[in-house]
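Hints are included, so try docking the two chains, each in its own frame, into the full complex.
Taken in order, these protein sequences are the chains called A and B. Counting along the first sequence from 1, when you hit position 153 you're at 153 in my numbering, and nothing is skipped either side. Counting along the second sequence from 1, when you hit position 186 you're at 378 in my numbering, and nothing is skipped either side.
Simulated from the structure, these hints should not be mistaken for lab results. These numbers come from a predicted model, not from an experiment. Any given hint might turn out to be false.
For the chain A half of the interface with chain B, some residues (derived, Cβ under 10 Å), not all of them [said to hold, decoys possible]:
1) E20
2) K61
3) G80
4) S92
5) I111
6) T112
7) T139
Okay, the calculated bits of chain B under chain A, using three or more residues with CB under 8 Å as the criterion [as the list claims (entries may be wrong)]:
8) 224-231
9) 411-420
10) 439-448
According to the in silico footprint, chain B covers these stretches of chain A (three or more CB under 8 Å from chain B) [stated by the list, open to error]:
11) 22-31
12) 95-102
Cβ coordinates follow ideal geometry from the N, Cα and C atoms, glycine included.
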Amino acid sequence: MIADLVVIGGSAGSLKVVLEVLPKLNEHLQVTIVIVFHRKAAPNSEMLTDLLDAKSPLAVKEAEDKEKILPGQIYIAPAGYHLFLERDYSFSLDSSEKINFSRPSIDLTFITAADVFNSRMIGILLSGANSDGVKGLQTIRDKGGFSIAQEPVTAEVSYMPAKAISQNAVDLIASPSEIATIINGCTPSHNL
Amino acid sequence: MDSQTISDEDVEVLLLDLHSKHGYDFLDYSRASMKRRLNRLVVMDKFPSFAEMRYRLINDEFYLRRFIEEITVNVTEMFRDPEFFKYLRLNIIPTLGTYPFIRIWIAGCASGEEAYSIAILLKEANLLEKSIIYATDLNPRVLERAKSGIFPMKYIKQYSENYLASGGYEDFSSYYSAKYDVVIFNESLRRKIVFSTHNLVSDSSFNSFQLILCRNVLIYFNTHLQSRVFDLMDRSLDNLGYLALGTKETLRFAGISAKYKQVDPKAKIWRKHDS
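The shape of chain B in the complex, shown without the other chains (with noise of 0.2 Å):
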C-alpha cells in the first residue's frame, strides 16, 4: 500500500460499475479495506491511472476474475485460532455426532483450509463418513485452488503446530502427500467436501444446516450488510444448530440475537434456540 492513486470517489466509481455491468455488488462492503485493495491492485498490475485500470474491468471478461480475487481478502490457514478448534473438537463436534447425517456450511471458505480443518475433525471422531461439508465463497479462482487439494509446502510447518495446539494427536503428514514444493490434502477427506460458489450478499440460503462457520468474513461489511447476512444465517441453521464467528466478530449486536446464546464466552459459537 503505497501510492494512494484510488481516491474515494474512484472507489464508490467502481464498486457501481461492478454492480450494474457484472452484477457483483460490493456496495455495502467496508471501505477503507476496499479502498487499501484497489490500491493495492493499480499498483500490482501496473496500470497508469484509474481510468485505465476503469476501462479494462468493463472490457474484459478475463481481467475480472483477477480483479474479483484481489479485492476480496482470501488470507486463511488451517486450524486458523487453534483454541477455537480445540473447542469444536472437545465440545461442539461430538453434539453433532448424535445426528443421523451432520451437514456443516462454511461461508466464505476462500481457499480452503478451514474446509479441510473440519474435515480432519470429523475423520478423527470418526464422523466424517456420515458428514458432508459445504464450503463456499463468491470468488471461483480460489475455489479452483480450494478444490485441488493443493497447498504450499511452506505453509505446512505452520499448519502442524496449529493443529497439534488444537488438540490433534494424529501424525499430521498422514493427512496429505508431499509432492516438490506442494501438498496434497487425502481424497478422503475431499471428497466430504463440496466446494461451490455463493455470495453472501446476494445469493439465498441453499439448505440448512448443523454447522455454520463465517469466520472473518463479517468485518469486511458494513453493519447493514452484516445484519443481512446474520438473516440469512439464520434461515439456513437448524434449531440447535451452531453458528461460529471470527474471533473479533459477534453476534451481540445482530437483530436475530434473542433466539441465540454464546456457547462459552470465551468461544465466538453461538446456539440456535428457537421457541
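The shape of chain A in the complex, shown without the other chains (with noise of 0.2 Å):
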C-alpha cells in the first residue's frame, strides 16, 4: 500500500498491542508513524518512549513543538498536550480543552494528519473504552486515506474498535499481527 504515514490510537489495553507491532517492524521502513496513547501527564514520560524504543527497530521519541516530520521515525504524543501536524510537515502542540476526555485526543490527531496526508494514509484505532478516534478515523477514510480497527476480539477492551466498525469508519479489521503486516507493506509516495 502506498503511505507515507501512519497514525495509531489507542487507550486501555493499546499499549500491549503496540508493544507487540513493534518489533515485527522493518528496519527500513520509510514511513512516518504517529501514536497517540491515552495517559496521564506524569513527570517522567519519557519512561513510555523509552519502553518503546527498546522495542523497535525504528527510532522512537516523543514529538516536540514545531519539530519536522520525518520518515521512517516513530513518534509518540506527549502527555497533557494535543498533537496536531501542519500543512508544513511539522507538528504542533496545543494545551486546549479535553476532547473526549482526553489530552491528547486521537480524534484530533487524525483529523489534522488527514488535512495534510489525505489518501497517503492510514489510520489505525485500537483496544480502548472510550469513544475517541471514532470521528478521526471516519475522517481519514473520508478525505481517502485507509482506516483499520483493531479486531474487536483480539482487544483488551473492545468498544473503541468496535465502536469505530459500527460508525462504518473501518475499512479492514486486523488483529494485531495483521497490523504490523500492513504497516511493513507501506511504500513511500514520493510525494513530500
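Right, dumping it as C-alpha cells:
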C-alpha cells in the first residue's frame, strides 16, 4: 500500500498491542508512524518512549513542538497536549480543552493528519474504552486514507474498535500481527 | 471538532480580515490549532456558512470580542504542573527575595490562575508585599474574569490538590471565600496583581522583570513569531532574571539562547547571563 504516514490511536489495553507490533516492523521502513496513547501527564513520561524505543527497530521519540516530521521515525504524542500535524510537515502542540475527556485526543491528531496527508495515510484504532478516535478514523476514510480497527476479539477492551466498526468508519478489521504486516507493506508516495 | 466547514483557504481569508479590519495579527499562529478553533466556533455559534461568519466578524464589533476569546486558547489552572511550582518555590523565589523590589510578568495569563498561584507562593515566602505581578493577555474578556478573582467552585478540588503537590503547606481554603458555586480569591492577593491587555505579536516591552512566565503560549506560534517573542522577553528581562516556559517548550533553538542557561535539566526555567 502507498502511504507516507501511519497514525495509531489507542486507549486502555493498547500499549500491549503496540508492544507486539513494533518489534515486527521492518527497520528500513520509509513511512512515518505517529502514536497517540491516552495517558496521564506524569513527571517521567519519557519512560514510555524509552520502553517503546527499546522494542522497536525504528527510532521512537516524543513529538516536539514545531519539529519536522521525518520518514522512518516513530513519534509519540506527549502526555497532556494535543498533537497536531501542520501543512509544512511539522508538529505543533496544543493545550486546549480535553476532547472526549482526553488530551491528547486521538480524534484531533487523526483529523489534522488527514488534512495534510489525505489519501497517503493509514489510520489505526486500537483497544480502548472511549470513543475518541472514531470520528478521526471516519475523517481519514472520508479523505481517501485507509482506516483499520483492531479486531475487537483481540482487544483487551473492545469498545473503541467496535464503535468504529459500527459507525462504518473502517476499511479493514485486523489482528495485531496483521497490523504489523500492513505497516511493513507501506511504500512511500514520493510526494513529500 | 466535528465538521470542517472552514477550509485552509478560509482560515487565511479570516486572518487577513482580522489584521486589516481590526488590527489583530494572528498570521504567525500555528494553522492546525487555528483551523480547529474556527471550525469549533462555526458550530458553537451556528453559522450556516463561512461567509456568514466572515460577514459578522467584519461588521459586528461586539462579536469580535467573543471571537477573539474563542479562537485563542485560554485553558489554564492553578499550580498547573505542580513540579514546576515546587521548583519555583524552593529555588527561584528565595533568590528573588534578595531584591528590594520584585517585578514578575506573566505573559499570556488567560483567566489569571497562574497569577494567583504566583501571588500565593510570594505570600508564603513573605515577599508579596514588596512584589508586583503584571499579568497580561491579548484578550480583554478573559482579563475581566482574571481581575474579578472569581473562579468556579468545581475546579477548586483540582487546584488544592495541585497546590499540595507543589509543596503548599497552608490550608488552601484560607486564600478564598466560597459563595454558592464560586470562590473569590482574597483581596490581599489580588491587589498585588496588575491585569492588563498586551499582545505579544504587536506590543513592545513595557518594563523590566526578574521573572517572566510565558507557559504554553509559544506552542501556538510559528517559529518566526516564537523567535520574535523570545527577543521581546529578552528585552524585558533583567540580567540574572529568569524566563519560565511550558513543559514542552524550549529556549534551545532560540536566537537568544547563547546568553541563557537552563537552571536545571528537568526544569523549563532559564536564567539570563548577559556578559
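Results for each hint:
{"no.": "1", "hint": "E20", "in the structure": "violated (29 Å)"}
{"no.": "2", "hint": "K61", "in the structure": "violated (13 Å)"}
{"no.": "3", "hint": "G80", "in the structure": "holds (7 Å)"}
{"no.": "4", "hint": "S92", "in the structure": "holds (4 Å)"}
{"no.": "5", "hint": "I111", "in the structure": "holds (7 Å)"}
{"no.": "6", "hint": "T112", "in the structure": "holds (5 Å)"}
{"no.": "7", "hint": "T139", "in the structure": "holds (8 Å)"}
{"no.": "8", "hint": "224-231", "in the structure": "holds (count 5)"}
{"no.": "9", "hint": "411-420", "in the structure": "holds (count 5)"}
{"no.": "10", "hint": "439-448", "in the structure": "holds (count 4)"}
{"no.": "11", "hint": "22-31", "in the structure": "violated (count 0)"}
{"no.": "12", "hint": "95-102", "in the structure": "holds (count 4)"}
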